[in-house]
Amino acid sequence: MLMSQRDRLGKPLYLLYPGDHYASGGDCLIGTVAGTCLVVCLYDSKIRLGGMINFVVPGTVGTQGILHDDISRIGIVNMEYLMGDMVKLGGDRKRMTAKIFGAAHTGDSAAGRASLPESNIRFVREYFEIERIKIEKMDIGGMFRRKLYLFPGDGTVYRKVLRNNDENSEFISLEREYVHNEFVNSSRVGRIVLFD
Amino acid sequence: MSKYIMIIDDSPTIRVSVEMALKPLGIPVMQAENGQNALDIISQMKTKGEEIALCISDINMPVLNGIEFITEFRKNDRFTPVVVLTTEAEKDTIQKGKDAGASGWIIKPFQAEDLVNVVKRFVK
Chain Y
1 MLMSQRDRLG KPLYLLYPGD HYASGGDCLI GTVAGTCLVV CLYDSKIRLG GMINFVVPGT
61 VGTQGILHDD ISRIGIVNME YLMGDMVKLG GDRKRMTAKI FGAAHTGDSA AGRASLPESN
121 IRFVREYFEI ERIKIEKMDI GGMFRRKLYL FPGDGTVYRK VLRNNDENSE FISLEREYVH
181 NEFVNSSRVG RIVLFD
Chain C
1 MSKYIMIIDD SPTIRVSVEM ALKPLGIPVM QAENGQNALD IISQMKTKGE EIALCISDIN
61 MPVLNGIEFI TEFRKNDRFT PVVVLTTEAE KDTIQKGKDA GASGWIIKPF QAEDLVNVVK
121 RFVK
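Just so you know, the sequences run in chain order Y and C. To convert, note that position 180 of the first sequence is 180 in this note's numbering; the numbers rise steadily by one, no gaps. To convert, note that position 81 of the second sequence is 81 in this note's numbering; the numbers rise steadily by one, no gaps.
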């Protein structure tokens with residue numbers, strides 16, 4: 001994540017790279033580019049707190065659903081990173097609403113991973129259904145990347161469709177590397193520490 | 001009378017995932033959506049003579065978080081194991097959990113088999 005770069009509005013900008021997340025209740029902007037990955041924006045209107053995550057579920061979510069699927073735990077834990085940070089700032093998932101972007105067929109997913117966007121879309125729909133969190137806006141799939149800015153103080157998201165998929169080429173290579181690493185590490189598990 | 005495993009997490013997805021992972025053990029499960037909710041349920045269970053064998057608790061939760069839950073729980077129960085299941089991996093936070101009386105700390109993502117093995121270690 002590139003932090004505190006001043007944007008044209010004079011507000012601090014937190015620029016998320018693929019795999020990053022950030023939450024804030026301050027007067028700032030959180031931005032990213034959504035390609036093959038999912039970008040989820042959450043907003044808790046009671047305390048005017050917003051957050052964004054850019055991530056991928058590295059594999060095919062089975063037809064039995066995300067609770068029966070080993071690969072989905074990677075997606076679930078990614079959502080927990082953002083939710084956890086928002087809860088630490090006073091947020092409550094019962095009050096949150098979601099806006100979801102990305103999962104586009106940008107050309108990168110062709111190498112044996114053509115179904116990746118559909119699989120990620122299936123994951124995110126089912127996840128928010130189980131969490132009983134209202135999806136206010138869903139702009140997913142398609143052929144093009146999306147440049148996104150979230151105002152975390154009021155939950156507004158500005159979106160620009162990048163008709164030329166070569167725009168923001170830094171993001172293209174970062175996303176490619178991130179998705180590759182997520183596939184390589186898809187069987188990872190966390191540490192276990194026993195105290196006695 | 002059966003003892004219960006109490007799953008405390010504000011995420012329905014996590015609560016159901018943990019319950020499904022523990023199914024092979026055949027131990028009945030109760031769910032709570034935050035630390036305060038868990039204390040209330042445990043208090044009601046005690047009046048009915050029901051017992052908790054183990055708590056599995058998240059850390060970041062509204063109302064009463066995991067560390068606060070363990071601290072409150074330990075005021076009345078020094079021995080029932082409390083295993084933390086969280087994305088929090090900071091040494092300081094883990095130490096706070098240990099100091100509050102946690103018995104173990106599992107950092108997500110977890111595999112069902114590992115969780116079952118940890119529960120088996122505490123619940124004979």
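Keep in mind that the hints were calculated from the coordinates and are not lab data. A quick note: this is a predicted structure, and the numbers were derived from the prediction, not measured. One or more of the hints may lead you astray.
Straight-line distance between alpha carbons at most 27 Å, and here's what the computed DSS-like set of lysine-lysine pairs gives [unchecked claim]:
hint, chain 1, residue 1, chain 2, residue 2
1, C, Lys48, Y, Lys88
2, Y, Lys88, C, Lys46
3, Y, Lys88, C, Lys98
4, C, Lys23, Y, Lys88
5, C, Lys124, C, Lys48
Going through the hints against the structure:
1. Lys48/C <-> Lys88/Y: violated, 34 Å
2. Lys88/Y <-> Lys46/C: violated, 31 Å
3. Lys88/Y <-> Lys98/C: Within the cut-off at roughly 19 Å; holds.
4. Lys23/C <-> Lys88/Y: violated, 31 Å
5. Lys124/C <-> Lys48/C: holds, 23 Å
Hint check: violations occur at hints 1, 2, 4; the rest are consistent with the structure.
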